[in-house]
Amino acid sequence: EVQLVESGGGLVQPGGSLSLSCAASGFTLSSFEMHWVRQAPGKGLEWVSYIDSRGTTIYYADFVKGRFTISRDSAKNSLYLQMSSLRVEDTAVYYCAREKRWQQFGAFDIWGQGTLVTVSS
Amino acid sequence: QSVLTQPPSASGTPGQRVTISCSGGSSNIGLNGVKWYQQVSGTAPKLLMYSPDQRPSGVPDRFSGSRSGTSASLAISGLQSEDEADYYCASWDGSLKTWLFGGGTKLTVL
Chain G
254 EVQLVESGGG
264 LVQPGGSLSL
274 SCAASGFTLS
284 SFEMHWVRQA
294 PGKGLEWVSY
304 IDSRGTTIYY
314 ADFVKGRFTI
324 SRDSAKNSLY
334 LQMSSLRVED
344 TAVYYCAREK
354 RWQQFGAFDI
364 WGQGTLVTVS
374 S
Chain U
438 QSVLTQPPSA
448 SGTPGQRVTI
458 SCSGGSSNIG
468 LNGVKWYQQV
478 SGTAPKLLMY
488 SPDQRPSGVP
498 DRFSGSRSGT
508 SASLAISGLQ
518 SEDEADYYCA
528 SWDGSLKTWL
538 FGGGTKLTVL
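Chains as they are written, first to last, in this note's numbering: chain G, 254 to 374; chain U, 438 to 547.
Some hints could be false.
To be verified - Here are the computed lysine to aspartate or glutamate pairs in the EDC-like style, where the Cα-Cα straight-line distance is at most 16 Å: (1) U:Lys483 / U:Asp530; (2) U:Lys543 / U:Glu521; (3) U:Lys534 / G:Glu286; (4) U:Lys534 / G:Glu299; (5) U:Lys483 / U:Asp520; (6) U:Lys534 / G:Asp315; (7) G:Lys353 / G:Glu286; (8) U:Lys534 / G:Asp305; (9) U:Lys483 / G:Glu299; (10) G:Lys296 / G:Glu342; (11) G:Lys353 / G:Asp305; (12) U:Lys483 / G:Glu352; (13) U:Lys483 / G:Asp362.
The set of hints was computed from the structure by calculation and includes no laboratory data.
All chains should be modelled from the sequences, with the hints used to inform the complete structure.
This is the structure:
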């Protein structure tokens with residue numbers, strides 16, 4: 254079965270750090286572009302970060318630039334999000350998502366179940 | 438405030454056809470098209486449309502989409518109770534170098 258499983262969420266104080274993992278199964282993660290998307294409680298979806306299949310092209314949303322780092326490990330078939338200088342407004346469920354391409358169209362076809370990050374004192 | 442604009446809510450009765458709109462700009466929907474996602478309460482989003490008018494395999498043909506310029510719409514025909522969910526449009530913005538999501542439309546099946 255093709256799936257993504259996130260882990261690493263939890264409660265952290267403002268200014269703290271947390272590292273999220275996303276383990277892929279049923280497919281080779283290094284063959285796909287990958288993303289992190291978050292959803293604050295009761296709010297909509299918000300794109301966070303992108304990494305290409307080779308790990309050479311990376312994009313971040315402006316609100317996480319300089320604080321979050323996306324990476325991937327082919328040997329572990331996993332995606333990561335290192336978060337630092339966390340703010341209360343970073344509180345959200347964080348999803349990892351696979352981008353699949355149909356000709357020129359790319360879309361997030363596989364999503365993990367999400368992991369909750371709570372930033373609070 | 439999202440750069441992609443959706444109505445916050447929509448509703449319909451079983452069997453009806455409802456449409457949800459998504460308005461963007463020339464650097465996102467106008468250039469790169471639109472994707473649609475369905476999110477049932479408490480679950481992860483699910484891909485419904487990977488282009489303005491194409492569905493991945495497994496998505497019922499009751500779901501259809503279209504695009505005109507910098508706007509797009511998702512249509513759901515033969516509305517069913519299990520269609521009650523939040524629907525999000527999304528597009529890559531080539532100028533901002535970011536993926537954008539609409540604010541979401543909560544669909545209620547009356």
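Hints and how they fare:
As the CA atoms of U:Lys483 and U:Asp530 are separated by approximately 21 Å, the hinted pair breaks the 16 Å bound. A threshold of 16 Å between alpha carbons decides the hint, and for U:Lys543 with U:Glu521 the separation of about 8 Å falls inside it, so the pair holds. Pair hint U:Lys534 plus G:Glu286 holds up; C-alpha atoms about 15 Å apart against a cutoff of 16 Å. Taking the CA atoms of U:Lys534 and G:Glu299, the gap is near 14 Å; set against the 16 Å cutoff, the hint holds.
The suggested pairing of U:Lys483 with U:Asp520 holds, with an alpha-carbon distance near 12 Å, which does not exceed 16 Å. Taken as a hint, the U:Lys534 and G:Asp315 pair is honoured in the structure, with Cα atoms around 10 Å apart against an allowance of 16 Å. A hinted pair counts as satisfied when its Cα atoms are at most 16 Å apart, and G:Lys353 with G:Glu286 qualifies at roughly 7 Å. Pair hint U:Lys534 plus G:Asp305 holds up; C-alpha atoms about 13 Å apart against a cutoff of 16 Å.
Annotation: proposed proximity of U:Lys483 to G:Glu299 holds, straight-line Cα distance about 15 Å (limit 16 Å). Of the pairs offered as hints, the one joining G:Lys296 and G:Glu342 holds, with about 12 Å between alpha carbons and a cut-off of 16 Å not exceeded. The hinted pair formed by G:Lys353 and G:Asp305 meets the criterion: a straight-line CA distance of about 11 Å does not exceed 16 Å. Only pairs whose Cα atoms come within 16 Å are accepted, and U:Lys483 paired with G:Glu352 is accepted, the gap being roughly 12 Å.
A distance of roughly 7 Å separates the Cα atoms of U:Lys483 and G:Asp362; the hinted pair therefore holds under the 16 Å criterion.
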